[in-house]
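Student: Chain by chain, the residues run as shown.
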Amino acid sequence: MKKAKCLAIVLSLFSAAPAWAGGSASPAPVPEVEESDVAVLPPAGAHWMFAYFSFRNLAQLIDGDTGKQLGGVHIAQLSNIAFSPDKKHIYVAETIWSKGNRGTRQDMITVYDGRTLKLDHEIPLPGRLLAGDRLNTFSISADGRYAYVYDMAPASSVIVVDLEKRKVLPPVEIPGCALAFAAGNTGVVSVCGDGSLAVISHAGGKAEVTQTAPFFDAGEDPVYDNSVFDAKSGKGYLLSYSGRVYEVTAGSGSGAQIAQPWSLQEGAHMPRAETKPLVVNWLPGGQQPVAYDAATGRLYVLMHKGEFWSYKEAGEELWEVDVATHKVLRRAALDKPAMSVAVSQDKEPLLFLAEPGGAIHIWDAATLSEKASAASMGPSHFVVAP
Amino acid sequence: MKKAKCLAIVLSLFSAAPAWAGGSASPAPVPEVEESDVAVLPPAGAHWMFAYFSFRNLAQLIDGDTGKQLGGVHIAQLSNIAFSPDKKHIYVAETIWSKGNRGTRQDMITVYDGRTLKLDHEIPLPGRLLAGDRLNTFSISADGRYAYVYDMAPASSVIVVDLEKRKVLPPVEIPGCALAFAAGNTGVVSVCGDGSLAVISHAGGKAEVTQTAPFFDAGEDPVYDNSVFDAKSGKGYLLSYSGRVYEVTAGSGSGAQIAQPWSLQEGAHMPRAETKPLVVNWLPGGQQPVAYDAATGRLYVLMHKGEFWSYKEAGEELWEVDVATHKVLRRAALDKPAMSVAVSQDKEPLLFLAEPGGAIHIWDAATLSEKASAASMGPSHFVVAP
Amino acid sequence: MTSQSRTERFVRKLARGTSRRSILSRIGLGLVSAPVFPLLPVERAHAAKDRSVQAKTSFARHAQTTDDTKCDYWRYCAIDGSLCTCCGGGIHTCPPGTEASPTSWVGTCINPDDGKAYLIAYRDCCGTADCGQCYCDNTDRGNQVYRPQENNDIIWCFGASSMEYHCSTAVMVGAAE
Amino acid sequence: MTSQSRTERFVRKLARGTSRRSILSRIGLGLVSAPVFPLLPVERAHAAKDRSVQAKTSFARHAQTTDDTKCDYWRYCAIDGSLCTCCGGGIHTCPPGTEASPTSWVGTCINPDDGKAYLIAYRDCCGTADCGQCYCDNTDRGNQVYRPQENNDIIWCFGASSMEYHCSTAVMVGAAE
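Protein chains in written order, with UniProt numbering: chain A, 1 to 386; chain B, 1 to 386; chain C, 1 to 177; chain D, 1 to 177.
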C-alpha cells in the first residue's frame, strides 16, 4: 500500500475535494489521550496453535478460527514448544549460547504463563539434541507432570523433567534409540535404529527401559521422526516413507504393542508402494507429514507422487485415513504444496496446512474447505492446543 | 535443480544408454580419501567488501571482481563492521544478550583476524546505540589506532577505543548530537539536532568538543546519517533529503569547515528540489543512498522521483556527481530499484548496488556496466575495503 | 512551512537538555520505572498547525481511518515496523508477553475525518522477537538519529526490561494545536 | 536391495555400541580433539554394491561431475544445507573463520563418470551463522534421527568448539566396495 506512489509531476491541483472526505459519513471522535497497556489472552481455545520455523525466533500463537495472531513466544533456533495439558503454561525447550554463536551453552525449559505469555521460570537442562524440524524430541506426559527431552551428546538419552518440582531427574540412556513420545503419565516411547522401540516407564520413581523386537526396516523404509502419538490414549501411528502405518500402544505398564502394519495406498485401492527405485508412487512427504485426530481416529497425510527417498517432498494431496478400517476416506488436492499438517483436538476439528514459503491454510476438517489463512516466517511446523 | 522431478509413472525403461555416460570424454580419477581443512584468505583485495543486513547474523565478505563469497563474519543483530586501514583485522561493534532476548547485555568490539577470520579478542564497551541500517555509528581513525562508537543511552556520547591497548577511554558526551565519523587520526565529527556539528579532538589524550554554527535545517531538510566521510582526507559530504550537498572538512586541529551547499538537481540542469509538499522531484533515497570515491572526487547517489519525505525510497537512477564542479556527470537508469550504493577505493573502482530483496549488482564505475552479481540476505549495506 | 516550530524546539531542547551531569544520563537501560524520554510529550506539536490541504503529504492524502491493521491507517504516518494490531495487540496495546516501552518516537499525522493534525507516540512493544506481521515503513517528517525522537530506525525499547523489538503501537497523544 | 547391508550394520553398531558407561558418552561438546563419531568410517559402505543402473535414484540419474557449486553435483546426493563451495570453502574445505566438525553424517553417492558408488562424509563447518548461499536438500537414503549418521537435519557440529552451523562439505571417504 505504502509503495503505491502517485508520480504525477505536480499535484497542486489537488486542493479541491479532498479524497479523505468521501467515505466517512459520521467521523468517529478522535480520543484525546490514550494510555499504553498490554493484552492478556482469554482462556485458550481448542482451535489455537503455535506455528514456528526452526530457524526463526518467534513461535506465533494463532487462532485457527480467524487466522489472527494472538501473541508470540520467543524461541531460540532449533527449539521445541508445547502447551501444558491444562493450557495454563507454555513450555519452550531451547538452547542458547551466552554470546549468540559462542560462549557458554545453556539448555533449558523456559516456562511461560499461558494467559500473559510472560516468562515464569526456567528449568536448566543437561543438554538436548539440536536438529531441524523435529517435533518429537520434546513432549509432555498426559497429566502434565513431566516433560521429556531427547538428548544426543552423542550418547542417546531421555531427560525426564518434573515440571511441578522444577527438577531434572537422572537421564535415562537409550543407546541406539532416539525421540521421546510421551505415553500416558509415566511412559516414553523412543524409536531405535534397528527398527525396534525402547519404552521407558518411570512409574514409582525408577526408570526402566523395555525393548521391543524389531518390527520395521529402519534402513530400507524408515518411519518418520515426525510421526504422531497421543499421550492420553497411549496410541500412536508411526508412518514409514513408503506409506506403511504401524499402530503402537504404550503407556500402561511396560513395553509396547505393535499392530500389523497396513498400507496407505491399499487403503486408496492402489497397490502398496514399494521401496524399489525407478517407480513413481503416491508417497507421504514433507516436514510434518501426518496429523492424528484422536477422537475420530483419523490420520491426515500429505501425499505426493514421487520416487522413493523423496520423503521431504511437499504434499500435493491431503489424504484422510480411518485407522480402524485402514481406508482412505477422502483425498483433497492442495492448490499449493504443503510441508506440514496438523489437526485440532476438538469436536469441530480444523486442519492446518503450511506452504514452504510460510503461508498457512486453515481448513474445516468436516468439509475440507478453507476457513481462514495466516502468514508465518518460513516452512513452519504446528503445535496445536491439547 | 533438485526440485525438477521426472514424474513419468514408470522409469524402468531407463536401463539402456545411461545419461551420465554422455558428456565426459575422460572422466577424472576419483580420489580415494580426502582430509578436511579450513581456508585462509589471501591478502585483502581492493575490491573486497562486506555486505550485511541489520537483522541477519552473517556479514558476507565478497570479492567484487567475481561476486564470490570469500567467507563470513558472525554479527549480532544491529551490528557495525569495519576493516582496519591495513586490512589486517575486521572489527565488529555488537551487542549480545546472554540469553538471546533476555539476560545480561554485553556490548563489545569483536576483533577478527583479517586472513583467518578467526576471533582474536573482544573489547568490552560501556554501550552503543541500537538502530537499524546505520553505518556511521562506528568508525576507525585514519591511522587505525582508534575506534569510535556512538552511544545513546539515552544521553549522547562517543566512546573512544584504543584498539592497540584494547582499552576504552572515558566517553565523550555530545549532548544533542549523534554519529561518529572518524576525521584524521584523532578527530570525530558528529551531527547535531540543531543543524550544527560537534567536532571531537582527542589529540594529546584529552578530548575537546568544538561546536560549529548551525548550517542546515535539521527539521525541514535533514542530512542523512548514512552520508559519507573519508577519514584520511578529513573530507566528507553530508547529503540532505532534498539533495543539498554540504562539504565538511575536519580532522586537522579543532572544529570543522563547511562549504557553501550545492544542489544535485542543479548539477543536472534542473531547478533545485524544494521541501514543499505536492511536488515531485528527483530526490536521493534508500538506506545507503550515497557513496564517495575519494580519489576521483565523485559522489554516487541513488535517486528516485518522488515527493518530499520519501527519503527511504529505493533509487531508480544512479547519479555520478563531481564534487569539484558540482556537475552531474552521468545518470544511469537501474533495471531494479536499489537501496544501497558503495564504491571501492582504488584506481579501477567498482560500484556495489543492493536491491531490497538482497540481490547485489557490481558495476565497473568507468563504464557503469554490470561486471558481476551476488546474493545477500535482505536489503544489505556495504562496507568496502579501505 | 515553519522551520523552527515548537515541536522541533521541544525535541532539540529535550535532546540537548540532557546535561552531561544529569542524573538521567546515568540511568541504566534496565530501569523500567524511570523513562528518560518523557512518557507523553507535555508540549504539543506545532509543526502541523498551518498545514492546509495543500500541505498534505502523499501519505495523508491516501490515509484511511477504518482499518488499523493496514499501513495506510492515518495514525501510521511515521511508523516503522510490525503493526501491533496484527500481532495480538491493539493500536495502543502491546501483545501478550511484551512490554510497552516507556519511551517512543513521535509523528504528527492528519486525521482525514476532521482534517486536523494529531501528535502520535509510536511506542514499541519489547521483549520478544519481531512479530513479522504487517510490516510498514512510513516516513512523514521522519528524521535521523541526531533528532532521535523523530527517528523510527532506533530500537525504542529504552527503559523496557528487554531491548528486543516485537512491534509498534501508535498512541494518540493529543491534537497538534 | 539388501536390507541388512554392512553400512547399516556399521551405523547401527556405532549407535548402539555407545554403551551407557562408555567414556564417549561423558565427553562434552567442547572437546575438539576427541571426535565421538569416528572421523572416517573405517568400514566401507556396502549398500550400493549391487546398485545396477536400474537401481539408481532420481538424483543419481541427473547428477553431474563438473560443478561442485550446484545441488546436482554427484557427491551431494544426501546433503542438506549451504554448500561450502559457495561460501569461501571447497568440496572438503571449510570457509575462513569456521571449523570442520570432527563428526559427520554419511551418504553413498554414485559417480556418473565411472558408475561406481562412493562413501561421502558430509562434514559441517561450524562457528558462524548460516552461509545462506547455494542451499540444497538432497535425500538419497536419508534417514531419521534414530539412525543419526544417515540424518542430515541434525546439527553435525559435535566436537567443534561452536554448534553454530555455517555450511556443509562433501568429503570423499572412499569407494563403497
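Among the clues, some could well be false.
Claimed, not checked - Derived list of chain B stretches under chain D, where covered just means 3 residues or more per stretch with a C-beta under 8 Å from a C-beta of chain D: (1) 51-60; (2) 106-117; (3) 362-373.
Claimed, not checked - Think about it this way: if two alpha-carbon atoms lie no more than 16 Å apart in a straight line, the pair counts; the simulated EDC-like pairs of lysine to aspartate or glutamate are: (4) B/Lys-99 - A/Glu-122; (5) B/Lys-99 - A/Glu-34; (6) D/Lys-70 - D/Asp-114; (7) B/Lys-312 - C/Asp-68.
To be verified - Anything over 10 Å on all C-beta distances counts as not near chain C; from chain A, calculated: (8) Asp-37; (9) Ala-366; (10) Val-384.
In short, the hints are calculated from the structure, not lab data. Because the structure is a prediction, the values reported are computed rather than measured. C-beta atoms are modelled at their ideal positions from N, C-alpha and C, and glycine is treated no differently.
Student: Of the hints stated earlier, which fail here?
Tutor: Numbers 3, 5, 6, 7 and 8, in rising order.
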